[in-house]
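> Each chain, written out:
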Amino acid sequence: MDRVEGEAGNFQVTLIKKPRYIQEGKCTGCTTCVDYCPVEYPDQYNQGISKNKAIHIYFAQAIPLVEYIDDSCLYLKEGKCRVCETVCENDAIDLKQSAERKEIQVGAIILSPGLEPFDPHVRKEYHYGDFANVVTSLDYERLSCSTGPYSGEILRASDGKHPHKIAWIQCIGSRRVTPGDNSYCSAVCCTYTQKQVLITKDHDGDVDCTIFHNDIRSYGKDFERYYERTGKTPGVRFIRSYTSIVREDPVTKNVTLRYSTNDEGVKEEEFDMVVLSVGLNPPSGVQAMSKKFGVELEPHDFCKVNPVEPVSSSRPGIFVSGGFQGPIDIPESVFSASGAGARVGELLNHRRGKLSREREYPPERDVSKEEPRIGVFVCHCGANIGRIVNVPDTVEFCKTLPNVVHAQEQLFSCATNSAKEITDMTKEKGLNRVIVAACSPRTLEPLFRDTVREAGINQYYFEMANIREQNSWVHSKEKEEATAKARDIIRMSVARARRLEPLQEFDLPVDKAALVVGGGVAGMNAALSIANQGHEVHLVEKNAELGGMARRIHSTLDGVDVQAYLRDLITRIYKHPLIHVYHSATITDARGYVGNFVTVVKSERGVSEIKHGAAIIAIGADLYKPAEYLYGQDDRVITHMDLEEGIHNGDDQIAQAKSIVMIQCVGSRNDERNYCSRLCCSESVKNALSLKKKYPEKEVYILYRDMRTYGFNEDYYREASNKDVKFIRYEPEDKPVVEPGESDDGRPVLKVTTTDYILGKKLVLDADIVALAAAIVPSASTDEVAGQFKVQLSPDGFFKEAHVKLRPVEFGTEGVYLCGLAHYPKFIQETVKQSYGAAGRAMTLLSHDVVVASGSVCQVNEKKCIGCSACADACAYGALEIRENKQGKKATINPILCKGDGLCNSKCPTGAIQLKHYTDDEMFAQIDAAIA
Amino acid sequence: MRLVRVMCSGRVDLEFVLRAFSNGTDGVFIGGCRLNECNFITHGNFHALTMVLLAKRIMEHIGMNPERLRIRFMSGADANLFVESVNSFVQKVKELGPLGQSEGVAPEELKARVAQVTKLVPYIKRVNKDKLATRLNSPDEYDTLFTKDDVDRLFSGVITYYIDPDKCQACMICARRCPEEAIMGGKNQIHVIDQEKCIKCETCFDVCPPRFAAVKRIVGEPVPPPLPADQRMIVKRAKTTTP
Chain A
1 MDRVEGEAGN FQVTLIKKPR YIQEGKCTGC TTCVDYCPVE YPDQYNQGIS
51 KNKAIHIYFA QAIPLVEYID DSCLYLKEGK CRVCETVCEN DAIDLKQSAE
101 RKEIQVGAII LSPGLEPFDP HVRKEYHYGD FANVVTSLDY ERLSCSTGPY
151 SGEILRASDG KHPHKIAWIQ CIGSRRVTPG DNSYCSAVCC TYTQKQVLIT
201 KDHDGDVDCT IFHNDIRSYG KDFERYYERT GKTPGVRFIR SYTSIVREDP
251 VTKNVTLRYS TNDEGVKEEE FDMVVLSVGL NPPSGVQAMS KKFGVELEPH
301 DFCKVNPVEP VSSSRPGIFV SGGFQGPIDI PESVFSASGA GARVGELLNH
351 RRGKLSRERE YPPERDVSKE EPRIGVFVCH CGANIGRIVN VPDTVEFCKT
401 LPNVVHAQEQ LFSCATNSAK EITDMTKEKG LNRVIVAACS PRTLEPLFRD
451 TVREAGINQY YFEMANIREQ NSWVHSKEKE EATAKARDII RMSVARARRL
501 EPLQEFDLPV DKAALVVGGG VAGMNAALSI ANQGHEVHLV EKNAELGGMA
551 RRIHSTLDGV DVQAYLRDLI TRIYKHPLIH VYHSATITDA RGYVGNFVTV
601 VKSERGVSEI KHGAAIIAIG ADLYKPAEYL YGQDDRVITH MDLEEGIHNG
651 DDQIAQAKSI VMIQCVGSRN DERNYCSRLC CSESVKNALS LKKKYPEKEV
701 YILYRDMRTY GFNEDYYREA SNKDVKFIRY EPEDKPVVEP GESDDGRPVL
751 KVTTTDYILG KKLVLDADIV ALAAAIVPSA STDEVAGQFK VQLSPDGFFK
801 EAHVKLRPVE FGTEGVYLCG LAHYPKFIQE TVKQSYGAAG RAMTLLSHDV
851 VVASGSVCQV NEKKCIGCSA CADACAYGAL EIRENKQGKK ATINPILCKG
901 DGLCNSKCPT GAIQLKHYTD DEMFAQIDAA IA
Chain B
933 MRLVRVMCSG RVDLEFVLRA FSNGTDGVFI GGCRLNECNF ITHGNFHALT
983 MVLLAKRIME HIGMNPERLR IRFMSGADAN LFVESVNSFV QKVKELGPLG
1033 QSEGVAPEEL KARVAQVTKL VPYIKRVNKD KLATRLNSPD EYDTLFTKDD
1083 VDRLFSGVIT YYIDPDKCQA CMICARRCPE EAIMGGKNQI HVIDQEKCIK
1133 CETCFDVCPP RFAAVKRIVG EPVPPPLPAD QRMIVKRAKT TTP
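Residue numbers (this note's numbering), protein chains in the order written: chain A, 1 to 932; chain B, 933 to 1175.
Don't read these hints as lab results, they were simulated from the structure. Incorrect hints may appear among the rest.
What the hints assert, rightly or not - Using 25 Å as the maximum straight-line C-alpha spacing, the simulated PhoX-like pairs for lysine-lysine come out as follows:
# : chain 1 : residue 1 : chain 2 : residue 2
1 : B       : 1080      : A       : 889
2 : A       : 790       : A       : 890
3 : B       : 1148      : A       : 889
4 : B       : 1119      : B       : 1099
5 : B       : 1148      : A       : 864
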């Protein structure tokens, strides 16, 4: 990126594209050049642990999947070699390429430069690069990966042997104010370390794993259970201690660590390998980038964002997603990305669809009356298949198979000219089934389906025979057997292809309105974003007023006046002509499916039947009502939320109190609620800071298990500690005890007894107020709403997203989205991001006139159905129902809800239900053909 | 290894496995996603697992080594695990040799037994419907979901459905409702079940009007031969008894 000029809606961006020395259009990614390239240099992708060539593909999933030439190339350095040019069959190498300058016009910009792992070289004490067997967690990640330097074997650099005793040291570069380190918490390391430990145990159950840590911050959804699982795994130790790397054994190259425990004091222990759990830095070159884009940075050099506008940079029209906002994990990166997309959609809504073009296909030929006429195209994949499998022989064999009327070889079936050849041949020879014998259907099936559509054939008449991943790649040393196997694979595909049926994907109309359930911060932001993109929104709130849980919050840790924000948000909702609010509302019925829902709402407007294409569930959460620590029995025991309100309102009891004790994890992280409520540590730190600001003389104690002030909130934890807030850790099996008593000076107090593990003795604190950090629990109406919208719940009772990492705002049920506390406890900033994310995903649906449903769904043959319900019981999507008619009980299917997994098919005793494209007939034909 | 693609391991039907063995395949391997890590909410791998547990017991029952069937769970990123699993399975099958060798049974005999069981798949699925839909929580439960006794009882208790010619009123209800069209007979024709076609779904037994109760369940006894075709006509009693 060279420069940006202009303003929101109209930017001119100058890009400089570095030379790849490869013509992308010609390169097929066959890697022949890589084999011949004589230059080896440390593989950047594998952390420099193994070697790669000067010409190479960056990594296996790179897009585009073509090579590039690194500056270690002999020709680029010394003008010699050029062997790659000679071996390339496609003349794709262009060593004369130079940097290209490109001007582009855009309306908005999204910055997503990511993060940089902390480099432990900056501090000598980490001994990285100095001791051979000290690696970073990213090195370890590559070591344990099957595409890594040793194909997934974890080996020591010093002797290439498997380590049997490994230590992880947490907070490397994080939570430290020493020069070169970062003061903030990197937010992801505790959990990724646990993942690495479990992967290590998967590789080899006998490896002894030790994690040296400060607080364990497993605050994410399902992370507490993961922490528990890691802790219970045999041979895994968690040791809470500062740790120093002392020495390396000159012979064995083992590394000695020094640490201390409560019971044994300071001790030393030797490990085969030490993994530094490095934190996250801002992206490299961030200063220059901030200048070029004209966006401000926050004090840690991440992008400066307003907490209530968390995907917008300081410059209008420039948005931000992912790690550039600060250290965040994958789900938050994903929903912030969707969120940034939604905000861009608001800005550029007037230009939506202006640049897109509708794809047009020739009309589909009806071939149902014809005998199968099969064409087989056998791909060489450069040398990938052709060097192992005898392709010409295979083609001849294909011609002997029943119904095969055409067979030919192709160098690269996926190349544009080859695809055209398939289309042309299909027309010329009147083919009505097409088989490409090449690679895995995972990547190229959509392309080839498109190719046969171009020839006027139904796309489900296409079949792929995988003779690369499943054959030539695994049998590279057995050429004859590989050729024989290729024949078998193709024979199986032909047998299947003969029985394939044309299937219609159906277009469902999409109702353009959205329903948002819940009028809190999450629901309101999602509603506004969708409405700003031109769609009607029906916002349903169960209370008489909008605002939700945020009505009880006065400020955030970073100083946002929440009530002022909320007033502004509510005003914008009411003023928006496309948003219809239903107060004191209950949902009495919800039916329909993606694009076509009907929800009946009873509210102060009466009974309304709302038609909508998408629904967003943002019903928030409730606060746990503690049963512990005399709550409800003694009015000096309050919740952290009460304390916040009290401080804000200048409550007398709080003003008079000399000493305030806060107890964390009340109702969280226990057997009943095995999750972390995420907010409470920061909430208590916020209250402690407010108290210290208003009444510096007050004694403030926070009794905690792990302080989970992740991310930038770590700075406030440190500030509180510096302001003499006393943090005392307790263990769950030795919880603090609260009882009424009297102080030494004779005033009635609550006596709080707890064990101080640093001093190693019991402490008794006199408290005038005890504030309990009560858990966030799923909203009371969660079960009901889940039933109405046919969506799932996680074990902890919060709503369950379609995929924890990759689809964090969608449900498995299409057309229904999720945001806010209903998903899991989270801060306002995170909630706003997620609600924009949900709006973004909903807009992807609503901006289309139709939604296409797959043709590979189940169908029921009523005659054969005996109404046993085995199918309906197996269906996770409610697509099957048993209905009674004159012929008895029969299964009926709603194909729109069917996901095509075929569980019902394999459960059906009579074969009455069949998954199209994977019918019993098609499967049996393929199975039978496996044996010649 | 010859591969057959399904979109979810839960699509792998008991009959697919039996079909492969009856074709002479020496081993069947099913690969599914890691348990509890379904990318959807389907969790079909649990269904594949229960099917495999049942299939293994059935294999034992008919004298086939259950180690010829294996299921392993792994993610798309577990290449090593995949390689390891496949190699160890191939090695295992090589040890066992061609179908019948380690069992000491002639291959044709074993295939015939498989074919017999295959005919009972609809019955097996129907009576084990609930167990097959169980989501197991830990490997400790694997051995007890289907026990040897369960499967022995399953086969010893195979029901045959028979229409008592003395009771059948040729009302056509069962014949119309039979999903396999296995019931022969028309109006005034005593109905007869074609045992070759019958899949033991019990529909006829359920729908036969209780006042006739003509359909009988027969277990452990030979089924009476069907009435000869020329004796099936129902002679209207009202007419014959008229003096």
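> For which of the previously enumerated hints does the structure constitute a violation, in increasing order of number?
Of the numbered hints given earlier, the structure breaks just one, which is hint 1.
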